[in-house]
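Chains as they are written, first to last, in our numbering: chain X, -19 to 609; chain C, 14 to 399.
One or more hints might be untrue.
[To be verified] Under 7 Å between C-beta atoms, here's a sample of chain X residues computed to sit facing chain C:
1) Arg(-4)
2) Val(-2)
3) Val5
4) Asn34
[Said to hold, decoys possible] Pairwise CB distance ranges, derived in the manner of DEER restraints:
5) X:Ala137 with C:Glu66: 53 to 61 Å
6) X:Ile124 with C:Ala306: 41 to 49 Å
7) C:Arg277 with X:Thr219: 23 to 31 Å
8) C:Phe234 with X:Asp118: 48 to 56 Å
9) C:Pro232 with X:Ala137: 54 to 62 Å
FYI, nobody ran anything at the bench for these hints, they're computed from the structure.
C-beta: ideal position from N, C-alpha, C; glycine also.
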Amino acid sequence: MTDLHSPEIQLIRFRRRVYFAGAVVLVCFSLLFARFFWLQVVRHDYYATRAEDNRIALLPVTPNRGLILDRNGEVLARNYSAYTLEIQPSRVSNLEHTIDELARLVNIEARDRKRFRKLMEESRNFDTLPIRTRLTDDEVARFIGQRYRFPGVEVRARLFRQYPNTELASHVLGYMGRINRRDAARIDEAGVADNYRGTDHIGKSGLEQFYEDELHGVTGFEQVEVTAAGRAVRVLSHTAPQNGNNLRLTLDAGLQRVVEQAFGERRGALVAIEPSTGGVLALVSKPTFDPNLFVDGIDAASWEALNTSADHPLLNRAIYSAYPPGSTFKPFMALGALTAGKRTPSFAIADPGHFEYGGHLFRDDKVGGHGSVDMHKSIVVSCNTYYYRLAADWGIDGIAGFMSQMGLGSRSGIDIEGESTGVLPSPEWKKKRFKRPEQQKWYAGETISVGIGQGYNAYTMMQMAQAVAILANDGVVFKPHLVKQIENVRTGASRQVEAKPVRTVDLKPEHIAVIKQAMVDVNKAGTGARAFAGAPYVAAGKTGTAQAFSLRGAQYRGGKLAEKLRDHALFVAFAPADDPKIALAVIVENAGFGAQSAAPIARQVFDYYLLGNKPAGPAPEDSDATDSE
Amino acid sequence: MQLTASKWSAVRERIGGVLSALDPPLLAIAVLLLSLATLVMGSATADFMHRFEAHLVNLAVALSVMLVVAQIPPLRLMQLALPFYAVGVVLLIGVELFGETSKGAQRWLNIGFTRIQPSEMLKISVPLMLAWYFHRHEAQLRVRDFLVAAVILLIPVLLIFHQPDLGTAILVLAAGVFVIFFAGLSWKLIIPVLAVGVIAIGTLAAEGDAMCAEGVEWPGFKAYQRQRVCTLLDPTTDPRGSGFHIIQSSIAIGSGGVFGKGWREGTQTHLEFVPERHTDFIFAVMAEEFGLAGAIVLLCIYIAMIGRGLMIAARSPMLFGRLLAGAISLSFFTYAFVNMGMVTGVLPVVGVPLPFVSYGGTALVTLCIGLGLLMSIEAQRRRRQR
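Whenever a hint applies, use it, and build me the whole structure from the sequences.
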């Protein structure tokens, strides 16, 4: 290439190239310098912020959930600490393989896998989910030794909800479950998402749901310096969490236990209220369930069993299921008639055993009738004819107007979700309920059935208990409630749920006295007499039977019908009659007559609450009880 | 006594002879750079003290090797050029056939008692071989000679590229290209190649999105190499994968500001956000803790070292010395530029260490051999002058 091989020329050429190379070096280093300047001077603030964001993590410190205690301080819901093995699915590439490998270290059963899969479907995608809860110390040690093999898997100590009495008051307490997408959306909407960082569980029903805000507490935060791998190096600042408030209930756990035991295997509901405050003493729906099942995420089999059971254990019968009140409706009919001036106590009818209206014959239970029946007797012997006629005389509008004042047909406002309104029949209700004009029309004959608590009438035991409490309390209405006071654990301060009368039903004392006396005599000489024989206190009550299945003229023979078609047994009562401490309404599904199944339960409740007597077993069925109500 | 004294003076003379081969300015620059490196290493290996100790051992070994290499006169080096090159290529073929795989690349050769990485020695033996070749044909350099040189260069480069070790392939290629450049390759060839390079980079910058789209393959590139280039163009596309390194090192450097966070105070470094912080990404540690000021000092030291090397090249009495010294100096530049470029996010991450600073005995020894060669070339000039 080079023809001139003189060393001098060669050297000059070489040096020229050296200068050129030196210039390239300087240009390139200048470019690097420009880049340094860009990063370190121009963009310094941006990168400094990014570095701080990297360095500092805000870790939530979850508060302890508040306890739930009964009126005497017995713990109904508490927390316990347990180790859980948790997987962050987003950080694990082959989930099945990882779980298989984990199963070599800790015991993971098929139901754990199923539950985990169910949680995955429901979870927020960045969640860590438990594959196993309640690890033994051995299992924890075995996993820790092998932890490096499982990125995205860790052992955590967590607080879990525990219901020490298992099934007791499950419909009142409700249950906790993992926060699912719907819950998360609700939390976001309420603007409390920050407070739920680090919280996995939320109240799903009952008090756990209704008082979620009180029970949850305020999440604390720790500013922590973290490494790239997320390991905390040191704590920069700490804001302590505020533990959730404790709930002190009006509920008496002992009484609740007595009631649940009294029902035995039978289905039904009972609500007992302290008339002078509206505090709920017992709220029972049978069958019950074990809310502990939901704490770790319920497994598919248990969930299936609870949901498909013919007995619907998850259903809160006490506040949701509405039943025809049957004859327990009669004292309120009588009271209303007195108040409205439609009857006097002494007004008597001659009962032929039936009532004819518009060419239709409405029968009494007793063939041939009860003879001369005044108001007192109408309640004690539960005379239908008296009430057929009263209903016809009074009219549906009057009846509906009075019953709504007694709280029937509207939600009581008790502090758990899921209450239904029941049905307070009226022409207006019928218009709203039905679509076709011919269905919307109110027929006068329908008023007659309403008079004895049948027909469209349907109320929850909550409403019936409230109506009884209003009567027992001489017309002063308190809002029924389960929580008596809310206690701040840290300060010791407590907020009382005020028992203030919300309104008063305008009733005359002499009218109330007539009804109360008649109800006392029900338990002395009437349909409740057998159940209350020998009681050292005076209890007022009224039995009732509600048709679960309408019989077209056929003679009713309870024992021969399929169990689900049998009538429901009802009883309403309060005691002591002169100074009521407790008022209740109870229904035993498909159990026949009120006197037979429901009244003995009420007897056990009163014996326990007023005398402290604990019953030996389920309330007896009185098979000899008369069917005359 | 007398005997001892004469012995002592003989020893002194001997030591003086050995030390006289060292070039004082280059030695001073090297000591300065290695001291700075040791300081940064003290921070980067804060959690691994044994690494720091190993670094000190590496330093001692590398400086000894430099001292030894500096004693070898260039004429003797010329005799070694061909055998070294031949052995290197044979070993590379051995790697190709029997090599051991580590981290997805076949780079190591097990020779019974230890494992060696032959590609490393090619960084020295390729420029040595080429310089010797051009020197031999100094009298009449023809196109044919440049073609032969290209073959000599491409055999090892392609073997290394195939391992695959892109970083080393680039460094070996660069060292060879520099020899060919200094040997007088026609500008008519250089300018079009440079132009093509500039256009290619420009195209990549402009059309990067389309070329990095899902499923597009680049002929002749491995998937991870393509990924590196694409990640460089837009690190945020892969913030948890390869982009993480670039993002985190940029944050470390940027947050360092003008004067840095102070020695061992770098949060990005010490909280382990900076990856490979004592090896390839050590510059991020330095820039975070000593800021722009530290980075400028480092640039100046490199400029001084490269400048001194080019000066030695320009003054060398032999073509062999000139070519070798020029190529070695520019190799230092290539190392430094590619490393700092990749750490600051302007070049793809190709696994090139920061010269004389990054942890790693083999690279340090290779670089110190380079220094030793420069000193040997300079010593030859001084001997001639005397």
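Restraint satisfaction for valine -2 of chain X [CB to CB of chain C, less than 7 Å]: Constraint on valine -2 of chain X satisfied, holds at 5 Å.
Range hint 41 to 49 Å (beta carbons of isoleucine 124 of chain X and alanine 306 of chain C) holds or violated: 46 Å, holds
Cβ separation of alanine 137 of chain X and glutamate 66 of chain C, checked against the hinted range 53 to 61 Å: Check failed, 39 Å falls outside 53 to 61 Å.
Consistency of beta-carbon spacing, threonine 219 of chain X to arginine 277 of chain C, with hint 23 to 31 Å: Holds, at about 30 Å.
Hint validity - asparagine 34 of chain X Cβ closer than 7 Å to any chain C Cβ: Holds, about 5 Å.
Outcome for the supplied range 54 to 62 Å, where the beta carbon pair is proline 232 of chain C and alanine 137 of chain X: Given range 54 to 62 Å: holds, Cβ gap about 56 Å.
Hinted contact valine 5 of chain X with chain C - closest CB pair below 7 Å: OK, holds: valine 5 of chain X within 7 Å of chain C, min 5 Å.
Hinted contact arginine -4 of chain X with chain C - closest CB pair below 7 Å: Violated. Min distance 10 Å.
Verdict for phenylalanine 234 of chain C, aspartate 118 of chain X (Cβ pair) under range 48 to 56 Å: 52 Å, holds
When each numbered hint is compared with the structure, violations occur for hints 1, 5.
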